[in-house]
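Enquirer: Sequence:
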Amino acid sequence: MERAENTVGARAALVSVVTRDGDEREAEISLAELERLLETAGGSVVFTMIQNKEAPDVRTYIGSGKAAELAYYCARNEADLAVFDCELSPSQIRNLEEVLGGDVRVIDRSMLILDIFALHAASGEGKLQVELAQLKYTAPRLMGRGTELSRLGGGIGTRGPGESQLETDRRHLQRRIRMLENALEEVAENRRTKRMARDRSGLARVAIVGYTNAGKSTLLNHLTDAGILSEDKLFATLDPTTRKCELPGGETILLTDTVGFIRNLPHHLIHAFRSTLDEAVYADLLLVLVDASDREAERQLAVTEELLRDLGAGEKPTLYVFNKCDLGVALPGTAHGRENVVFISAATGQGVDLMLSRIEEMLHDGCRRVTFRIPNAKQGALSLLYRNATVESVEYGADAVEVVATVDDKTYGQLREYDAAPREEKSNEW
Numbered sequence: 001m002e003r004a005e006n007t008v009g010a011r012a013a014l015v016s017v018v019t020r021d022g023d024e025r026e027a028e029i030s031l032a033e034l035e036r037l038l039e040t041a042g043g044s045v046v047f048t049m050i051q052n053k054e055a056p057d058v059r060t061y062i063g064s065g066k067a068a069e070l071a072y073y074c075a076r077n078e079a080d081l082a083v084f085d086c087e088l089s090p091s092q093i094r095n096l097e098e099v100l101g102g103d104v105r106v107i108d109r110s111m112l113i114l115d116i117f118a119l120h121a122a123s124g125e126g127k128l129q130v131e132l133a134q135l136k137y138t139a140p141r142l143m144g145r146g147t148e149l150s151r152l153g154g155g156i157g158t159r160g161p162g163e164s165q166l167e168t169d170r171r172h173l174q175r176r177i178r179m180l181e182n183a184l185e186e187v188a189e190n191r192r193t194k195r196m197a198r199d200r201s202g203l204a205r206v207a208i209v210g211y212t213n214a215g216k217s218t219l220l221n222h223l224t225d226a227g228i229l230s231e232d233k234l235f236a237t238l239d240p241t242t243r244k245c246e247l248p249g250g251e252t253i254l255l256t257d258t259v260g261f262i263r264n265l266p267h268h269l270i271h272a273f274r275s276t277l278d279e280a281v282y283a284d285l286l287l288v289l290v291d292a293s294d295r296e297a298e299r300q301l302a303v304t305e306e307l308l309r310d311l312g313a314g315e316k317p318t319l320y321v322f323n324k325c326d327l328g329v330a331l332p333g334t335a336h337g338r339e340n341v342v343f344i345s346a347a348t349g350q351g352v353d354l355m356l357s358r359i360e361e362m363l364h365d366g367c368r369r370v371t372f373r374i375p376n377a378k379q380g381a382l383s384l385l386y387r388n389a390t391v392e393s394v395e396y397g398a399d400a401v402e403v404v405a406t407v408d409d410k411t412y413g414q415l416r417e418y419d420a421a422p423r424e425e426k427s428n429e430w
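Residues 1 to 430, numbered by my numbering, are exactly what the sequence shown covers, in order.
These are calculated hints, taken from the structure and not from any lab test. Glycine included, every Cβ here is placed at the ideal spot set by N, Cα and C. Just so you know, not all the hints are guaranteed correct.
To be verified - Listed below are the simulated DSS-like cross-link pairs for lysine-lysine, each with C-alpha atoms no more than 27 Å apart in a straight line:
{"#": "1", "residue 1": "Lys127", "residue 2": "Lys53"}
{"#": "2", "residue 1": "Lys378", "residue 2": "Lys410"}
{"#": "3", "residue 1": "Lys127", "residue 2": "Lys194"}
{"#": "4", "residue 1": "Lys316", "residue 2": "Lys410"}
{"#": "5", "residue 1": "Lys244", "residue 2": "Lys194"}
Unchecked claim - Each pair of labels, with its calculated beta carbon distance range:
{"#": "6", "residue 1": "Glu54", "residue 2": "Arg192", "range": "23 to 33 Å"}
{"#": "7", "residue 1": "Ala302", "residue 2": "Arg368", "range": "31 to 41 Å"}
{"#": "8", "residue 1": "Ala420", "residue 2": "Met362", "range": "46 to 56 Å"}
{"#": "9", "residue 1": "Arg309", "residue 2": "Val58", "range": "24 to 34 Å"}
{"#": "10", "residue 1": "Gly413", "residue 2": "Glu246", "range": "23 to 33 Å"}
{"#": "11", "residue 1": "Met362", "residue 2": "Phe47", "range": "40 to 50 Å"}
{"#": "12", "residue 1": "Cys367", "residue 2": "His271", "range": "13 to 23 Å"}
{"#": "13", "residue 1": "Arg192", "residue 2": "Ala420", "range": "26 to 36 Å"}
{"#": "14", "residue 1": "Ala183", "residue 2": "Ile50", "range": "19 to 29 Å"}
{"#": "15", "residue 1": "Phe47", "residue 2": "Arg309", "range": "19 to 29 Å"}
{"#": "16", "residue 1": "Ala302", "residue 2": "Ile50", "range": "17 to 27 Å"}
{"#": "17", "residue 1": "Phe47", "residue 2": "Glu87", "range": "17 to 27 Å"}
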């Protein structure tokens, strides 16, 4: 997968349609976000168009009259790209490009997000994931254009697999898709193996999740000196990064930075990045990061919570971390009604110590630190600890294994007979 050339400086028109069930204010917010996405991809906006319409037009989404108007303004402003804040069908893209003329390309929101992902994918896994998502989404939209495919690789919305795949027939594309799926399954299996190894380490796992550009990478860098890319751009980082982090009490945890969320995130993209997003599913605790300085913080938090539910992580223990408080809190009431809330600035370190203390409290809520002495013949008890507790240390002896672990009441009840503490201590405990 290669980065396309000549993308910086693309002049774009942004187009949005507000249907009878839509909300004009929401459309304006989404369009502003689309502009940021375009800037991240290296382009600039020359004009925007919002249309109120009962329902999208089957042929051109905006209707023939509005399409002609769009063509006029594209020519007048020398726009070479039209980006629609929706999802277009293959025929709608083809019909719009016929109206706008051969020099104006048409892409939709999903294609723009895919383009940014292609630009920022750094690891082998990330590149495979992006290429698979692009092929599944863009291939049907490009088949049948004939010689026009030669334009690929030269503008926003065209990064990724490149000409070699997109100029071949549909069977070749399907073979490529199957190959990528198989390769990603191998990567996913390797990730599962690494996750199992981390489980055996006994270290608690905490995942940083949240809307794109909420400051997740900045926070991980502040806590662990991870040295990962941290920019004021959407989707600056895609690949999950896991680092060890020490809590105030001396306990070490595994902290993982994950790919950012965004409204209307394409479902095929969620599927392609499933193995990396699963870091949230398997975490012991979620840090939901929110940009407190953004006036859309409440809506962004709602999007994050919805996507976490879709991933199956909606019921995870959660600490809501309102970041960028050094820039001011735009909507103080956003945290209202939510438990486990802290306000921080990852950039300055303000409030981070309190956040770490809250992480420690939540990980050990209802738990106790116990030294178990397990006979060698009862190794199943050790497996139970690895599954259900935080194992700090294991020492193998001639007759027994001595294990220091933090356990909840249920796990302790199952293994109480192996508690190495004197009997009188245990009776006082209850």
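Enquirer: Give a verdict on every hint.
Expert: Each hint tested on the structure:
Pair hint Lys127 plus Lys53 does not hold up; C-alpha atoms about 38 Å apart against a cutoff of 27 Å. With a C-alpha separation of about 19 Å, the suggested pairing of Lys378 with Lys410 holds against the 27 Å cut-off. For the hint linking Lys127 to Lys194, the alpha-carbon distance of about 20 Å falls within 27 Å, and the restraint holds. A distance of roughly 18 Å separates the Cα atoms of Lys316 and Lys410; the hinted pair therefore holds under the 27 Å criterion.
Restraint check for Lys244 and Lys194: the C-alpha separation of about 15 Å stays at or below 27 Å, so the hint holds. Between Glu54 and Arg192 the beta carbons are some 48 Å apart, a value that contradicts the proposed interval 23 to 33 Å. Taken as a hint, the range 31 to 41 Å holds for the pair Ala302 and Arg368, whose Cβ atoms sit roughly 37 Å apart. At roughly 27 Å, the beta carbons of Ala420 and Met362 sit outside the given window of 46 to 56 Å.
Look at Arg309 against Val58: about 33 Å separates their beta carbons, and that is inside 24 to 34 Å. For Gly413 paired with Glu246, a C-beta distance near 30 Å keeps the hint of 23 to 33 Å intact. For the hinted restraint 40 to 50 Å between Met362 and Phe47, the CB-CB distance of approximately 49 Å keeps it satisfied. Between Cys367 and His271, the C-beta spacing of about 35 Å breaks the proposed range 13 to 23 Å.
The supplied range of 26 to 36 Å is met by Arg192 and Ala420, whose beta-carbon atoms lie about 34 Å from each other. Roughly 42 Å separates the CB atoms of Ala183 and Ile50, a value that falls outside the hinted 19 to 29 Å. For the pair Phe47 and Arg309, the supplied restraint of 19 to 29 Å is violated, since their beta-carbon distance comes to about 37 Å. The supplied range of 17 to 27 Å is met by Ala302 and Ile50, whose beta-carbon atoms lie about 23 Å from each other.
The beta-carbon spacing between Phe47 and Glu87, approximately 22 Å, falls within the hinted interval of 17 to 27 Å.
Checked against the numbered hints above, the structure breaks hints 1, 6, 8, 12, 14, 15 and satisfies the rest.
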